[in-house]
Amino acid sequence: MWTVVVFQNDNTVAAVPTNWYKDGLCAWPKKAVKHKSDLIKNQTEPTRSEFDRFPARQLSSSPIESLIEAEEKAAKGMFFSDLSSAEENTTNDNVDRKKKLYKDVFTEKEKKQSQPSKKKRSLSPPPIFDDSFASTSKDQLPNICDDNIDSQVISSQASNTKISLFSTETDNIIDNNITLATGFEENMLFQSTPKPDASVQIQHSNSINDAAFVNFVKSSLINIKYDVKLLSYSIDSLKTIIQNIEMNTSHISDNNAQQCISNIQELKWPITNMTQLDDNEKLLTDALVKNNEVGLLARLVGKSISESVRRMMSRMFDDSFLQNYSFLGFKGKRKFSGLSCCLLLFDAIRKEKKFTATPDHEISTIVAKWLAQAPNRISKKKNNTLANNIL
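Residue numbers for the sequence shown follow our numbering, so the first one is 1 and each next one is one higher.
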(Lines of atoms letter the chains of each structure in order from A and count residues from 1; the text may use other names and numbers.)
(Lines give C-alpha, C1' and ligand atoms only; values in the text may rest on other atoms or scores of the structure.)
Protein backbone atom coordinates (compact mmCIF):
# COMPACT_ATOMS: atom_id res chain seq x y z
CA MET A 1 0.00 0.00 0.00
CA TRP A 2 1.12 3.57 -0.75
CA THR A 3 0.22 7.06 0.32
CA VAL A 4 0.92 10.61 -0.86
CA VAL A 5 2.80 13.02 1.41
CA VAL A 6 4.14 16.56 1.14
CA PHE A 7 7.51 17.28 2.76
CA GLN A 8 7.23 20.50 4.76
CA ASN A 9 10.91 21.48 4.51
CA ASP A 10 10.96 21.90 0.73
CA ASN A 11 7.25 21.48 -0.19
CA THR A 12 7.84 18.44 -2.40
CA VAL A 13 5.10 15.90 -3.05
CA ALA A 14 5.90 12.19 -3.34
CA ALA A 15 4.20 8.80 -3.40
CA VAL A 16 5.70 6.58 -0.67
CA PRO A 17 4.82 3.26 0.99
CA THR A 18 2.50 3.60 3.97
CA ASN A 19 5.12 2.09 6.30
CA TRP A 20 7.42 5.07 5.57
CA TYR A 21 5.04 7.63 7.13
CA LYS A 22 4.49 7.67 10.90
CA ASP A 23 3.65 10.35 13.48
CA GLY A 24 4.12 13.32 11.13
CA LEU A 25 7.51 12.07 9.89
CA CYS A 26 8.21 10.40 6.55
CA ALA A 27 11.27 8.30 5.74
CA TRP A 28 13.24 9.04 2.58
CA PRO A 29 16.40 7.31 1.21
CA LYS A 30 19.70 9.07 1.78
CA LYS A 31 21.64 10.69 -1.02
CA ALA A 32 24.13 7.82 -1.25
CA VAL A 33 21.37 5.26 -1.73
CA LYS A 34 20.73 4.40 -5.37
CA HIS A 35 17.61 3.00 -7.04
CA LYS A 36 15.19 4.92 -4.82
CA SER A 37 12.34 4.04 -7.15
CA ASP A 38 12.97 0.33 -6.53
CA LEU A 39 12.82 0.89 -2.78
CA ILE A 40 9.45 2.63 -3.20
CA LYS A 41 8.13 -0.04 -5.54
CA ASN A 42 9.23 -2.91 -3.27
CA GLN A 43 7.93 -1.12 -0.13
CA THR A 44 11.29 -1.64 1.58
CA GLU A 45 11.24 -1.30 5.35
CA PRO A 46 13.11 1.93 6.27
CA THR A 47 16.30 1.59 8.31
CA ARG A 48 18.46 4.20 10.01
CA SER A 49 21.50 3.32 7.89
CA GLU A 50 19.75 3.99 4.56
CA PHE A 51 16.89 6.38 5.41
CA ASP A 52 16.41 9.82 6.94
CA ARG A 53 13.12 11.11 8.42
CA PHE A 54 11.67 14.51 7.54
CA PRO A 55 8.56 16.39 8.70
CA ALA A 56 5.71 15.64 6.32
CA ARG A 57 1.95 15.91 5.97
CA GLN A 58 -0.22 13.16 4.54
CA LEU A 59 -2.42 14.25 1.59
CA SER A 60 -4.34 11.02 0.96
CA SER A 61 -6.87 10.09 3.63
CA SER A 62 -6.79 6.37 2.83
CA PRO A 63 -4.07 3.98 1.58
CA ILE A 64 -3.69 3.56 -2.19
CA GLU A 65 -3.48 0.06 -3.61
CA SER A 66 -1.26 0.65 -6.69
CA LEU A 67 1.93 2.67 -7.11
CA ILE A 68 0.79 4.11 -10.46
CA GLU A 69 -2.37 5.50 -8.89
CA ALA A 70 -0.31 6.94 -6.04
CA GLU A 71 2.05 8.66 -8.50
CA GLU A 72 -0.92 10.17 -10.37
CA LYS A 73 -2.36 11.50 -7.13
CA ALA A 74 1.07 12.86 -6.18
CA ALA A 75 1.01 14.89 -9.38
CA LYS A 76 -2.41 16.25 -8.44
CA GLY A 77 -1.20 16.84 -4.90
CA MET A 78 0.73 19.89 -6.07
CA PHE A 79 -2.55 21.74 -6.36
CA PHE A 80 -4.76 20.13 -3.69
CA SER A 81 -4.33 19.99 0.06
CA ASP A 82 -6.74 17.02 0.29
CA LEU A 83 -6.79 14.46 -2.52
CA SER A 84 -10.02 12.73 -1.46
CA SER A 85 -12.09 15.88 -1.77
CA ALA A 86 -10.29 17.00 -4.93
CA GLU A 87 -11.63 14.07 -6.93
CA GLU A 88 -15.26 15.18 -6.31
CA ASN A 89 -14.90 18.88 -7.17
CA THR A 90 -15.27 20.55 -10.56
CA THR A 91 -12.54 22.21 -12.61
CA ASN A 92 -13.30 25.65 -11.14
CA ASP A 93 -13.00 24.29 -7.61
CA ASN A 94 -9.68 22.72 -8.58
CA VAL A 95 -8.33 26.10 -9.68
CA ASP A 96 -9.38 27.68 -6.36
CA ARG A 97 -7.66 24.89 -4.44
CA LYS A 98 -4.51 25.39 -6.50
CA LYS A 99 -4.39 29.02 -5.42
CA LYS A 100 -4.99 28.02 -1.83
CA LEU A 101 -2.22 25.43 -1.89
CA TYR A 102 0.20 27.90 -3.44
CA LYS A 103 -0.35 30.30 -0.54
CA ASP A 104 -0.13 27.59 2.11
CA VAL A 105 3.01 25.73 1.06
CA PHE A 106 5.36 28.70 0.64
CA THR A 107 6.88 30.53 3.59
CA GLU A 108 8.22 34.06 3.74
CA LYS A 109 11.75 32.76 4.01
CA GLU A 110 11.41 30.70 0.80
CA LYS A 111 9.97 33.71 -1.09
CA LYS A 112 12.98 35.80 -0.13
CA GLN A 113 15.34 33.07 -1.33
CA SER A 114 13.70 32.93 -4.79
CA GLN A 115 14.54 36.48 -5.94
CA PRO A 116 15.17 36.98 -9.72
CA SER A 117 18.72 38.20 -9.09
CA LYS A 118 19.76 34.90 -7.52
CA LYS A 119 20.67 31.73 -9.31
CA LYS A 120 18.78 28.47 -8.90
CA ARG A 121 20.02 26.47 -5.93
CA SER A 122 19.85 22.75 -5.26
CA LEU A 123 18.17 21.78 -2.01
CA SER A 124 19.36 19.31 0.59
CA PRO A 125 17.90 15.76 0.61
CA PRO A 126 15.35 14.29 0.33
CA PRO A 127 14.35 16.15 -2.90
CA ILE A 128 16.14 15.05 -6.07
CA PHE A 129 15.67 17.15 -9.18
CA ASP A 130 16.03 16.47 -12.89
CA ASP A 131 17.23 19.04 -15.42
CA SER A 132 14.75 17.96 -18.09
CA PHE A 133 11.33 19.63 -17.98
CA ALA A 134 8.27 20.09 -20.19
CA SER A 135 6.49 23.37 -20.84
CA THR A 136 2.84 24.04 -20.15
CA SER A 137 0.50 25.71 -22.64
CA LYS A 138 -1.79 28.54 -21.66
CA ASP A 139 -4.89 26.37 -21.98
CA GLN A 140 -3.66 24.07 -19.22
CA LEU A 141 -3.60 26.93 -16.66
CA PRO A 142 -6.89 28.82 -17.18
CA ASN A 143 -8.27 31.63 -15.05
CA ILE A 144 -5.13 32.14 -12.97
CA CYS A 145 -4.89 35.92 -12.76
CA ASP A 146 -3.01 37.44 -9.91
CA ASP A 147 -0.59 40.34 -10.06
CA ASN A 148 1.66 38.80 -7.43
CA ILE A 149 1.14 35.09 -8.19
CA ASP A 150 4.19 32.88 -7.80
CA SER A 151 5.31 30.69 -10.67
CA GLN A 152 5.99 27.04 -10.12
CA VAL A 153 8.82 24.84 -11.25
CA ILE A 154 7.76 21.24 -11.20
CA SER A 155 10.54 18.73 -11.50
CA SER A 156 9.81 15.05 -11.95
CA GLN A 157 12.25 12.18 -11.86
CA ALA A 158 12.12 9.31 -14.39
CA SER A 159 10.25 7.28 -11.78
CA ASN A 160 7.60 10.03 -11.42
CA THR A 161 7.76 9.63 -7.67
CA LYS A 162 8.80 13.09 -6.43
CA ILE A 163 7.82 16.61 -7.58
CA SER A 164 9.37 19.88 -6.34
CA LEU A 165 7.80 23.35 -6.21
CA PHE A 166 9.71 26.65 -6.40
CA SER A 167 8.39 30.18 -6.44
CA THR A 168 9.51 33.11 -8.63
CA GLU A 169 7.99 36.49 -9.46
CA THR A 170 5.79 36.97 -12.51
CA ASP A 171 6.87 39.50 -15.11
CA ASN A 172 3.96 39.68 -17.57
CA ILE A 173 0.26 38.75 -17.78
CA ILE A 174 -1.22 38.58 -21.30
CA ASP A 175 -4.87 37.94 -22.27
CA ASN A 176 -5.88 36.85 -18.75
CA ASN A 177 -3.48 33.90 -19.11
CA ILE A 178 -0.22 33.84 -17.20
CA THR A 179 3.10 34.10 -19.00
CA LEU A 180 5.68 33.03 -16.49
CA ALA A 181 9.14 34.57 -16.73
CA THR A 182 11.79 34.57 -14.05
CA GLY A 183 15.22 36.05 -13.47
CA PHE A 184 16.72 32.60 -13.23
CA GLU A 185 19.38 31.44 -15.67
CA GLU A 186 16.80 29.04 -17.15
CA ASN A 187 13.25 30.37 -17.78
CA MET A 188 11.03 27.32 -17.64
CA LEU A 189 7.31 26.57 -17.54
CA PHE A 190 6.25 23.08 -16.63
CA GLN A 191 3.01 21.25 -17.10
CA SER A 192 1.04 20.27 -14.02
CA THR A 193 -0.34 17.04 -15.46
CA PRO A 194 1.60 13.85 -14.73
CA LYS A 195 4.00 12.59 -17.39
CA PRO A 196 3.57 9.19 -19.01
CA ASP A 197 5.18 6.27 -17.29
CA ALA A 198 8.94 6.62 -17.73
CA SER A 199 9.43 2.85 -17.90
CA VAL A 200 7.21 2.70 -21.02
CA GLN A 201 9.22 5.49 -22.65
CA ILE A 202 12.52 3.80 -21.79
CA GLN A 203 11.32 0.47 -23.17
CA HIS A 204 10.15 2.14 -26.38
CA SER A 205 13.48 3.96 -26.70
CA ASN A 206 15.39 0.74 -26.06
CA SER A 207 13.39 -1.11 -28.71
CA ILE A 208 14.18 1.63 -31.23
CA ASN A 209 17.86 1.54 -30.31
CA ASP A 210 17.95 -2.26 -30.60
CA ALA A 211 16.32 -2.18 -34.03
CA ALA A 212 18.75 0.48 -35.23
CA PHE A 213 21.69 -1.54 -33.90
CA VAL A 214 20.48 -4.71 -35.64
CA ASN A 215 20.16 -2.83 -38.93
CA PHE A 216 23.63 -1.38 -38.48
CA VAL A 217 25.13 -4.82 -37.84
CA LYS A 218 23.37 -6.31 -40.87
CA SER A 219 24.58 -3.56 -43.19
CA SER A 220 28.12 -3.84 -41.79
CA LEU A 221 28.20 -7.61 -42.34
CA ILE A 222 26.96 -7.19 -45.91
CA ASN A 223 29.68 -4.63 -46.60
CA ILE A 224 32.32 -6.93 -45.10
CA LYS A 225 31.05 -9.81 -47.23
CA TYR A 226 31.48 -7.86 -50.46
CA ASP A 227 34.85 -6.52 -49.32
CA VAL A 228 36.10 -10.06 -48.72
CA LYS A 229 34.85 -11.15 -52.14
CA LEU A 230 36.65 -8.23 -53.74
CA LEU A 231 39.88 -9.09 -51.91
CA SER A 232 39.60 -12.74 -52.95
CA TYR A 233 39.09 -11.72 -56.57
CA SER A 234 42.08 -9.38 -56.41
CA ILE A 235 44.31 -12.11 -54.93
CA ASP A 236 43.28 -14.58 -57.63
CA SER A 237 44.04 -12.00 -60.30
CA LEU A 238 47.48 -11.34 -58.82
CA LYS A 239 48.22 -15.07 -58.71
CA THR A 240 47.29 -15.41 -62.38
CA ILE A 241 49.51 -12.48 -63.33
CA ILE A 242 52.45 -13.91 -61.37
CA GLN A 243 52.04 -17.32 -63.01
CA ASN A 244 52.01 -15.74 -66.46
CA ILE A 245 55.15 -13.77 -65.66
CA GLU A 246 56.90 -16.89 -64.40
CA MET A 247 55.92 -18.83 -67.50
CA ASN A 248 57.17 -16.06 -69.78
CA THR A 249 60.47 -15.65 -67.96
CA SER A 250 61.25 -19.32 -67.26
CA HIS A 251 62.38 -20.09 -70.79
CA ILE A 252 64.61 -17.01 -70.71
CA SER A 253 66.42 -18.24 -67.60
CA ASP A 254 66.68 -21.75 -69.09
CA ASN A 255 68.21 -20.35 -72.26
CA ASN A 256 70.68 -18.30 -70.26
CA ALA A 257 71.64 -21.34 -68.21
CA GLN A 258 72.12 -23.43 -71.34
CA GLN A 259 74.24 -20.71 -72.91
CA CYS A 260 76.40 -20.53 -69.80
CA ILE A 261 76.81 -24.31 -69.73
CA SER A 262 77.71 -24.42 -73.40
CA ASN A 263 80.37 -21.80 -72.81
CA ILE A 264 81.86 -23.76 -69.89
CA GLN A 265 84.92 -25.82 -70.70
CA GLU A 266 84.35 -29.41 -69.65
CA LEU A 267 86.92 -31.29 -67.60
CA LYS A 268 88.76 -34.21 -69.10
CA TRP A 269 88.25 -37.50 -67.24
CA PRO A 270 89.85 -39.80 -66.20
CA ILE A 271 93.03 -38.19 -64.98
CA THR A 272 96.12 -40.25 -65.83
CA ASN A 273 99.00 -37.85 -65.15
CA MET A 274 99.95 -34.72 -63.25
CA THR A 275 99.43 -32.42 -66.26
CA GLN A 276 95.76 -33.31 -66.52
CA LEU A 277 95.41 -32.94 -62.75
CA ASP A 278 96.88 -29.44 -62.80
CA ASP A 279 94.60 -28.39 -65.68
CA ASN A 280 91.50 -29.69 -63.90
CA GLU A 281 92.54 -28.07 -60.61
CA LYS A 282 92.77 -24.69 -62.34
CA LEU A 283 89.38 -25.10 -64.02
CA LEU A 284 87.71 -26.07 -60.72
CA THR A 285 88.58 -22.66 -59.27
CA ASP A 286 85.75 -21.31 -61.46
CA ALA A 287 82.41 -21.65 -59.63
CA LEU A 288 80.42 -22.20 -62.84
CA VAL A 289 82.69 -25.01 -63.94
CA LYS A 290 82.58 -26.62 -60.52
CA ASN A 291 78.77 -26.44 -60.26
CA ASN A 292 78.43 -27.91 -63.74
CA GLU A 293 80.71 -30.84 -62.87
CA VAL A 294 78.87 -31.41 -59.57
CA GLY A 295 75.63 -31.81 -61.51
CA LEU A 296 77.22 -34.22 -63.98
CA LEU A 297 78.86 -36.40 -61.32
CA ALA A 298 75.67 -36.42 -59.20
CA ARG A 299 74.09 -38.58 -61.91
CA LEU A 300 76.46 -41.38 -60.88
CA VAL A 301 75.17 -41.50 -57.29
CA GLY A 302 74.10 -45.04 -56.36
CA LYS A 303 72.07 -46.64 -53.61
CA SER A 304 74.91 -46.36 -51.08
CA ILE A 305 77.91 -44.12 -50.48
CA SER A 306 80.41 -46.89 -51.28
CA GLU A 307 78.72 -47.55 -54.61
CA SER A 308 78.62 -43.82 -55.38
CA VAL A 309 82.34 -43.41 -54.52
CA ARG A 310 83.25 -46.39 -56.72
CA ARG A 311 81.39 -45.01 -59.75
CA MET A 312 82.73 -41.47 -59.42
CA MET A 313 86.36 -42.42 -58.69
CA SER A 314 86.37 -44.84 -61.65
CA ARG A 315 85.23 -42.01 -63.93
CA MET A 316 87.54 -39.34 -62.50
CA PHE A 317 90.86 -41.19 -62.00
CA ASP A 318 92.88 -44.02 -63.44
CA ASP A 319 94.13 -46.61 -60.94
CA SER A 320 97.71 -46.18 -62.18
CA PHE A 321 97.48 -42.54 -61.10
CA LEU A 322 95.71 -43.23 -57.78
CA GLN A 323 98.30 -45.77 -56.60
CA ASN A 324 100.59 -42.83 -55.83
CA TYR A 325 98.01 -41.17 -53.50
CA SER A 326 96.59 -41.80 -50.05
CA PHE A 327 93.79 -39.80 -48.42
CA LEU A 328 96.05 -38.18 -45.77
CA GLY A 329 99.46 -38.65 -47.53
CA PHE A 330 100.77 -41.50 -45.38
CA LYS A 331 103.61 -43.91 -46.37
CA GLY A 332 105.35 -41.32 -48.55
CA LYS A 333 102.39 -40.95 -50.90
CA ARG A 334 100.77 -37.75 -52.09
CA LYS A 335 97.83 -36.22 -50.19
CA PHE A 336 94.47 -36.70 -51.93
CA SER A 337 92.30 -34.76 -49.44
CA GLY A 338 93.95 -31.45 -50.41
CA LEU A 339 92.88 -31.63 -54.07
CA SER A 340 89.92 -29.70 -55.50
CA CYS A 341 88.85 -32.94 -57.14
CA CYS A 342 88.33 -34.43 -53.65
CA LEU A 343 86.00 -31.55 -52.70
CA LEU A 344 84.21 -31.98 -56.02
CA LEU A 345 83.61 -35.64 -55.13
CA PHE A 346 82.16 -34.73 -51.71
CA ASP A 347 79.82 -32.07 -53.19
CA ALA A 348 78.56 -34.42 -55.88
CA ILE A 349 77.66 -37.09 -53.29
CA ARG A 350 75.88 -34.58 -51.01
CA LYS A 351 73.84 -33.21 -53.91
CA GLU A 352 71.66 -36.29 -53.54
CA LYS A 353 68.96 -35.59 -50.89
CA LYS A 354 69.47 -38.83 -48.98
CA PHE A 355 73.20 -38.09 -48.54
CA THR A 356 72.88 -34.37 -47.73
CA ALA A 357 73.57 -34.82 -44.00
CA THR A 358 76.32 -37.44 -44.43
CA PRO A 359 79.40 -36.47 -42.35
CA ASP A 360 82.85 -36.05 -43.94
CA HIS A 361 84.52 -38.91 -42.09
CA GLU A 362 82.02 -41.45 -43.47
CA ILE A 363 82.78 -40.44 -47.05
CA SER A 364 86.51 -40.03 -46.43
CA THR A 365 86.77 -43.56 -44.98
CA ILE A 366 85.34 -45.10 -48.14
CA VAL A 367 87.54 -42.90 -50.38
CA ALA A 368 90.65 -43.87 -48.38
CA LYS A 369 89.85 -47.59 -48.86
CA TRP A 370 89.37 -47.03 -52.58
CA LEU A 371 92.77 -45.34 -52.82
CA ALA A 372 94.48 -48.11 -50.82
CA GLN A 373 93.06 -50.83 -53.08
CA ALA A 374 94.34 -49.19 -56.31
CA PRO A 375 97.42 -51.53 -56.64
CA ASN A 376 95.20 -54.60 -56.16
CA ARG A 377 92.84 -53.46 -58.89
CA ILE A 378 95.80 -52.93 -61.25
CA SER A 379 97.10 -56.46 -60.65
CA LYS A 380 93.63 -57.93 -61.19
CA LYS A 381 93.33 -56.13 -64.51
CA LYS A 382 96.75 -57.48 -65.61
CA ASN A 383 95.79 -61.01 -64.63
CA ASN A 384 92.50 -60.73 -66.47
CA THR A 385 94.33 -59.40 -69.54
CA LEU A 386 96.83 -62.28 -69.51
CA ALA A 387 94.03 -64.80 -69.12
CA ASN A 388 92.20 -63.31 -72.05
CA ASN A 389 95.37 -63.33 -74.19
CA ILE A 390 96.03 -66.99 -73.40
CA LEU A 391 92.54 -67.91 -74.38
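Calculated directly from the structure, the hints in this document are not laboratory data.
Just so you know, not all the hints are guaranteed correct.
Straight-line alpha carbon distances no greater than 30 Å define the calculated DSBU-like cross-link-like pairs of lysine-lysine that follow [what the hints assert, rightly or not]:
1. 282 to 225
2. 268 to 331
3. 369 to 333
4. 380 to 354
5. 282 to 218
6. 268 to 381
7. 335 to 381
8. 268 to 333
9. 353 to 381
10. 354 to 225
11. 218 to 303
Restraint-style ranges between C-beta atoms, simulated for each label pair [stated by the list, open to error]:
12. 385 to 351: 34 to 44 Å
13. 365 to 334: 12 to 22 Å
14. 237 to 268: 47 to 57 Å
15. 351 to 232: 33 to 43 Å
16. 281 to 383: 29 to 39 Å
17. 63 to 212: 38 to 48 Å
18. 337 to 234: 29 to 39 Å
19. 281 to 243: 37 to 47 Å
20. 331 to 385: 21 to 31 Å
Glycine residues also receive a C-beta, built at the ideal position from the N, C-alpha and C atoms.
List of violated hint numbers, smallest to largest:
Those not satisfied are hints 1, 4, 5, 9, 10, 11, 18.
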